[in-house]
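With chain A fixed as given, assemble chains B and C onto it according to the hints.
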Amino acid sequence: MPLLEVKNLSVAYGAIKALHGVDLSVEQGQILTLIGCNGAGKTTTLRAISGMVRPSAGQVLLDGKPVTGLKPHEIVRLGMSHCPEGRGIFANLTVDENLALGAFMRRDHAAVNQDRQRVFTLFPRLKERLKQNAGTLSGGEQQMLAIGRALLARPRLLLLDEPSLGLAPQLVQTIFRIITEINQQGVTILLVEQNAHMALNVAHRAVVLETGAVAMSGDAKALASSDEVKKAYLGHG
Amino acid sequence: MQSLADNLAHQPARGVRDRVLAQAPWGVALLVALVVHFVLGPVLGPYWSQVATQAAIAVMLAVSLNIVNGYTGQFSIGHAGFAAVGGFTGAAVSYYGALALWGGATKQEGFLVPGEWLMVGGSLLGAVLAAGLGYIVGLPALRLRGDYLAIVTLGFGEIVRVLLQISGPQLFEADDLRSSGFKQWFPPPLGGAQGFTGVPTYASLFWVGLFAALVCIVAYRIKFSSPGRALLSSREDEIAARAMGVNLARYKVRAFVLAAALAGLAGGLYAHTGVVMQPREAGFIKSFEIIIFVVLGGLGSISGVVLAAIGLTVLPEILRDPQRLIEAWGLLAAVGVLATVGGVAMRRSGSRWAPLAVGLGATALGLLAVALVASGANALMRSATGDPQANIGKYRMIFYSLMLIGAMLLRPQGLMGVREVWDHFRRARPAPGRPGGAAT
Amino acid sequence: MADFLQILVTAVAVGSLYALIALGYTMVYGILKFINFAHSDVFVLGAWTGFTASTLLISRFSISGPPPLWLGPLVLVTAMVVCGLVGFTIERLAYKPLRKAPRLNVLITAIGVSLLLQNVGQLQFPIAPDLALPFGASPKRMPELLPDAALLTMSFGDNQVVIGLVDVIIVVSAITLMLALEVLVYRTRLGAAMRAVSFNTDNAALMGIPVDRVISITFVTGAMLAAAAGFLYSMKYPGLNQPAHEVWVLLGLKAFVAAVVGGIGNVRGAVLGGFLIALIEFMGQFVWARTLDQWFSTSMAPTLRDVYVFAVLIIVLLVKPTGLLGTPIREKV
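Taken in sequence, the protein lines are chains A, B and C.
Our numbering applies: residue -17 is where the first sequence begins, and numbers increase by one.
Our numbering applies: residue 56 is where the second sequence begins, and numbers increase by one.
Our numbering applies: residue 19 is where the third sequence begins, and numbers increase by one.
A couple of the hints might just be wrong.
As the list claims (entries may be wrong) - Okay, derived cross-link-like pairs now, PhoX-like style, lysine-lysine, Cα gap no bigger than 25 Å in a straight line:
(1) C:Lys338 - C:Lys51
(2) A:Lys47 - A:Lys109
(3) C:Lys158 - C:Lys254
(4) C:Lys51 - C:Lys118
(5) A:Lys(-1) - A:Lys53
(6) A:Lys53 - C:Lys114
(7) C:Lys114 - C:Lys51
(8) C:Lys51 - A:Lys53
(9) C:Lys118 - A:Lys(-1)
(10) B:Lys449 - C:Lys158
(11) A:Lys(-11) - A:Lys47
(12) A:Lys203 - A:Lys213
(13) A:Lys53 - C:Lys118
(14) A:Lys(-11) - A:Lys(-1)
By construction, these hints were calculated from the structure, which means they are not laboratory data.
Pulled out of the complex, with its shape left as it was, chain A reads as follows (with noise of 0.2 Å):
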């Protein structure tokens, strides 16, 4: 059974239907990466798994159990971490504190602190600016804090909406290289990129996506190497 499924997807801003009846499903273990274009509906999908918008049809299962109509908080609870686009996160309070409130439902103190030593041991730059306010960091320090927060929920499945946006292009090598690291420890990711050519690299799976609807989808090396993809999304070929 796949640790996410996703049935038939719809979701529509007011008149404008941004997905019509979008399936994928990701393997426990795996990372799966969502590309496509602007506009395609990537973001959308993720923000309708997490429940950040309600569907106006299909179903959300995470093992198997439909999540759908789930408020957010209640699907983090499920072991699901969204890492929205843009980071998100809370300027206004310092580093230390935005992690805090990753793990802001476990009560589980000691694990917390284990999980928080692995953050930094993934992230040391997040150590040395605890004390900092989060909007004082750099972009790339953000998406870093953005990413260890999410992890400190201690996810089963983590959604990662472009990572790789605005970074500059050492900085995209490593965060992609961590993302594997993690991926590595065990847990399930869906990757939303722009950066096709470097998430097909990490990716075993992946599915694209056409104007709200799925293209095409399959293994991420057979997809890499197909020619619509090559030429569509890896600008070459």
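The following block gives chains B and C in isolation, referenced to the frame of chain A:
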């Protein structure tokens, strides 16, 4: 403010005939005022004429506030403050002017007597003063975010109220006027906390009818001018407004100043209706009353706001003494049944006036129903409290506030929404509301 | 000199109450970005609940003479709990359904709630002879829960400055509550959640923060602080007016001005603004009183207090629209 109305509402007119026709509404306003004064007045009698006068002033206040709160999406809570500025200016001009000119402020009888023109002059002066203050208050606030105008106007109204309270309590007589030195005029003798009494009652149905009609025309022209449409379409979205490329902030300031001026005018007339002008006329409680008219009538809808203002002014009178209406039950029932039946028949034949007839019938039947319910409720309350004067009109503010909350939760666009009554007619729908319908 | 110090004592006492009320305005504005007009009515409700509770308790326990020491704190807690419940109800019924509505609609609803509280507050709910619950249309007098004692008397020549027990109790209780709030907002997880919700509601929900519950708690906290302020105020000024009385509503509005002057949305700004507004109000009266009265040969000085406050508001909005400690507010896109 005239030039503003023209600027905002200039209709491209070709040829002399179009130009004349474009000015026709002003003539219609005059005609309406004459009819109201000479036909409606005698029919209504002195008591209901006074109610009608207050209703017309409520219409002026509500329609002018609608220009700010309805069109621009800004929110003023100091409209009564501007009305009071106009009111006390008008009162002072009329009273002291009459003392200076004619040696006494007793009312001159007749139609269009000099005293009435003094009232008009005073009210216009009040409008100018209110506009000036509106500019001072509105300019900074309107450049900020929406709710700051609410705070600043609220503060403005309270400042006006406090200043009026400390005005000189003793009004001058004719002799004082001659002997008074500069210093006696500070603080200006406007009645202080007791209020300004003795203003001659020149605000006849003619004048309030005329000015109410003029205010409606100005409001209408602004609404359907291009800046007006731009304001309306972007009022709930500051960012869209900025993206439209029009400097809407400038129009918002203009609209606010115009609304303040019209409120001042209404206040000037109000001072001449025989009421005691008290400082509390400037306070936020009075402003809230005007806001209720606007919100329940429909932010942006002129006809909706007019209906709400009339309905909510008349309603307390009905609640206070429903017997008057019940005595006329035969007439109301006859009009109600005939107009409704006629309207239904007209609708079958496809007449576009059908909704009007149905609306009239529903109004008559509605009034009768309100009177009967109120009378029953009054009887209940009187037997429960043992107070022979008890009436449910006392609790109307509870209903109004519940309606305000209910309207925002269930029908945020108000009685009419932004549309006008006739827009609903055009769609050949049944009349959406009747005067006072929202209040029942 | 003595006059000056005496006025200063009053200003500090009243200022601490303004600060308490301002905190409620600023917390709600910080999270929901609208002016909770009904907040000043909750303050009035606090005073009336205090009155009802103390009258009830005094008659129930047949207390005659000076009331026991436990009565004051008990009444304070009662008022806070009752108003907290009212605040909770208001938020759930009137504001929560409008979370996604235009701000103007929420503002109008708040005005509606305010009018409702004012007018329901004028009804009498007779629960015992000579006792109307919770308020009424006629003025009442708050029973004396504290001995009218002077804690400290200083002499300056012929004049005396008296610091009353009431003033000290007011300032101490208010500052205790403010410190408690400071700890809540800046030292606890819940406080961090409140600040997160205030910064971005959607992202806060993604942290697993139950946003609706946090908003409710914020509302209830604000209402409780206002209730405490209302009760404490009625200890110093025992004359209770009917709930829609201008004097009452103006007190709440001045506290609102304090919140704006301090920087709306900023908790520390609200405290600063509270004391500042009270100082301006009372010092303005002190400085101008004699001058104005000589000039105009009337006693207008007391009423002009409100004018100073609103004049300060307009000046602050002109010079620094975000208030003294406020940060620029981002328009939500």
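Cross-check of the supplied hints:
1. C:Lys338 - C:Lys51: holds (19 Å)
2. A:Lys47 - A:Lys109: Violated - the C-alpha atoms of A:Lys109 and A:Lys47 are around 37 Å apart, more than 25 Å.
3. C:Lys158 - C:Lys254: Holds, because 14 Å separates the two Cα atoms, which is no more than 25 Å.
4. C:Lys51 - C:Lys118: At roughly 12 Å apart (the allowed maximum being 25 Å), C:Lys118 and C:Lys51 satisfy the hint.
5. A:Lys(-1) - A:Lys53: holds (22 Å)
6. A:Lys53 - C:Lys114: With Cα atoms ~15 Å apart, A:Lys53 and C:Lys114 stay inside 25 Å; holds.
7. C:Lys114 - C:Lys51: holds (13 Å)
8. C:Lys51 - A:Lys53: holds (22 Å)
9. C:Lys118 - A:Lys(-1): Holds, at about 20 Å.
10. B:Lys449 - C:Lys158: holds (21 Å)
11. A:Lys(-11) - A:Lys47: Since the Cα atoms of A:Lys(-11) and A:Lys47 sit roughly 12 Å apart, the hinted pair holds (cutoff 25 Å).
12. A:Lys203 - A:Lys213: holds (15 Å)
13. A:Lys53 - C:Lys118: holds (15 Å)
14. A:Lys(-11) - A:Lys(-1): holds (17 Å)
Figure legend: structure checked against the earlier numbered hints; the only hint not met is number 2.
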